[in-house]
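S.K.: Protein sequence lines correspond, in order, to chains S and D.
The opening position of the first sequence corresponds to residue 1 in the working numbering, with each subsequent residue numbered one higher.
The opening position of the second sequence corresponds to residue 1001 in the working numbering, with each subsequent residue numbered one higher.
By construction, these hints were calculated from the structure, which means they are not laboratory data.
Honestly, I wouldn't trust all of these hints.
Each computed BS3-like pair below joins lysine-lysine, with the alpha-carbon atoms no more than 25 Å apart [to be verified]:
no.: 1; chain 1: D; residue 1: Lys-1040; chain 2: D; residue 2: Lys-1128
no.: 2; chain 1: S; residue 1: Lys-106; chain 2: D; residue 2: Lys-1040
no.: 3; chain 1: S; residue 1: Lys-21; chain 2: S; residue 2: Lys-106
no.: 4; chain 1: S; residue 1: Lys-81; chain 2: D; residue 2: Lys-1109
no.: 5; chain 1: S; residue 1: Lys-81; chain 2: S; residue 2: Lys-21
no.: 6; chain 1: D; residue 1: Lys-1083; chain 2: D; residue 2: Lys-1109
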Amino acid sequence: MSLSMGAKYSDLDDLRLDVLKEVSNIGAGNAATALAKLIKQPVKMTVPAVYNLSFDQVADIVGGPETIVAGILQEVSGDLKADLLLLLPWSQACVILDILLGRGVKQTFALDALETSALEELGNIMANSFLNALAKFTKMKFYPHVPALAVDMAGAVLSLPLARLGEMVEQALVIDTEFHQQQRSVTGYFLFIPAPEDLETFFQNLEVVSR
Amino acid sequence: MKEIIRVAMADLGIARAPAILMTIGLGSCVGVTLYDPVIKLGGLAHIMLPYQRMGSADGKPGKYADRAIAFLLEELISRGAVKQRLEAKLAGGAQMFANKGSETSEILKVGQRNVEAARKILGEIGIKIVAADTGGYHGRTIELDTETGALRIKTIAHGEKYI
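Looking at chain D on its own, in the form it has when it is part of the complex:
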């Protein structure tokens, strides 16, 4: 039985093979995983919001995409990962509720903005995104197998897959 490390909302985790990094119930949040296939080291962040701006509240290191990705990268490198080898995968960023003409419909798109921010930040620091399963209108639970780098995606009504 492999060790399963659960990452909470707005938090992040790092693990070596053969552990599994998992997070439950990504909705508008986006899950970002970084994986070094040579040393079989992985990281996972459960990100709630795109950017930490001036005056944005603090919180756990996985809360904002910009801070979370920078933090994951630093932690992985300090444990022997090489940036050029890192493979990123994204999952989540759904729109959980339909837009029915709400005045603040902007927040309904927070999932989409989370995905866009994560893609942009990863692009800027030069980490390749090898797979993604984002958007739609449903939640996702994800598990990163640090033995293989496979990301398992589970949903309640949209099946299960590996990316």
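Next up, chain S with everything else stripped away, as it sits in the complex:
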């Protein structure tokens, strides 16, 4: 059965969910290494969690729709269309910018051009590392687009990737990996949101590769 015609993600069996978790783990591991190199500090990551959530629940991953976050969104095309979204709660984004730029953030809930490009670059490096590992493992091709940043309530930031899913599915399949930097106590949420219409082919191709 194809997932494209309003089917639910519950059609994904445990094996496929495990596969998604595994490929995300490989991708996120590479992203964590890239992040550690960039900030020159060790980074820990959680085991990726696969969530099948109502659209409203997705923001709960970062503490609810009113949580103010910096979100760096990167659209992916290729063998599996997807969105990669790095969400940093505002206070965490400020600490990361302090690490990256060596200075405090100047305004409240707004970033200047330098701060914006620093965070976009961070999202870009993590997304590319994630996709490189994924490509190597699956023998597939993924093309990241230009990253874009928004600082706002999590509900508002998530509305775009969720609208992309909304036409096709009733719930959102989100793979969440959390990164943690202990010394400065920073946590970031890295969301992998695959396009539902491509998942069936993705799994089929993977099964061919693994055979």
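Go by the hints and put chain D onto chain S.
M.R.: Here is chain D on its own, set in the frame of chain S:
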């Protein structure tokens, strides 16, 4: 303390005075409120997408503008509202991310399309839009006071206002 009813993304809610209907973090989604000032009855929908087409996935009744507005209207009338008295207000429909030459930039305009659809549908069924705060590049939290019909709009960096 007035009762506050929170409406989730893709959902809708109906309430009588003195309750407050609110929804958090409208981005590209558009919030549509309908209010009957005579009986102080209001409805709010947190709409994600313009139209439910053939093959579009189902979901909560507030997900698509066409279904959400029809559903709100029916529910309000069944509770004593009169269509000619209803006042609509719109908020949201922002573009949250800048367009940087993405191939599927169409989706970036989903906020604008949501607002256009809501306006068109309300026009077609003959409900007047008395106020709107739409577009831009920022999120909005809205609260409809069913006592007065005032719609409070809160943002994180663009102030707060009533429409």
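S.K.: Holds or violated: are the alpha carbons of Lys-106(S) and Lys-1040(D) at most 25 Å from each other?
M.R.: 45 Å, violated
S.K.: For the pair supplied as a hint, Lys-1040(D) and Lys-1128(D), confirm whether the alpha-carbon distance does not exceed 25 Å.
M.R.: With a Cα-Cα distance of about 17 Å, the restraint between Lys-1040(D) and Lys-1128(D) holds, given a limit of 25 Å.
S.K.: Is the straight-line distance between the alpha-carbon of Lys-81(S) and that of Lys-1109(D) 25 Å or less?
M.R.: 19 Å, holds
S.K.: So if I understand the rule, the pair passes when the alpha-carbon distance is 25 Å or less; does Lys-21(S) with Lys-106(S) pass?
M.R.: 38 Å, violated
S.K.: Please verify whether Lys-81(S) and Lys-21(S) have alpha carbons no more than 25 Å apart.
M.R.: 17 Å, holds
S.K.: Take a quick look at whether Lys-1083(D) and Lys-1109(D) sit within 25 Å of each other, Cα to Cα.
M.R.: Not OK: Lys-1083(D) and Lys-1109(D) at ~31 Å, beyond 25 Å, violated.
Checked against the numbered hints given earlier, the structure breaks hints 2, 3 and 6 and satisfies all the rest.
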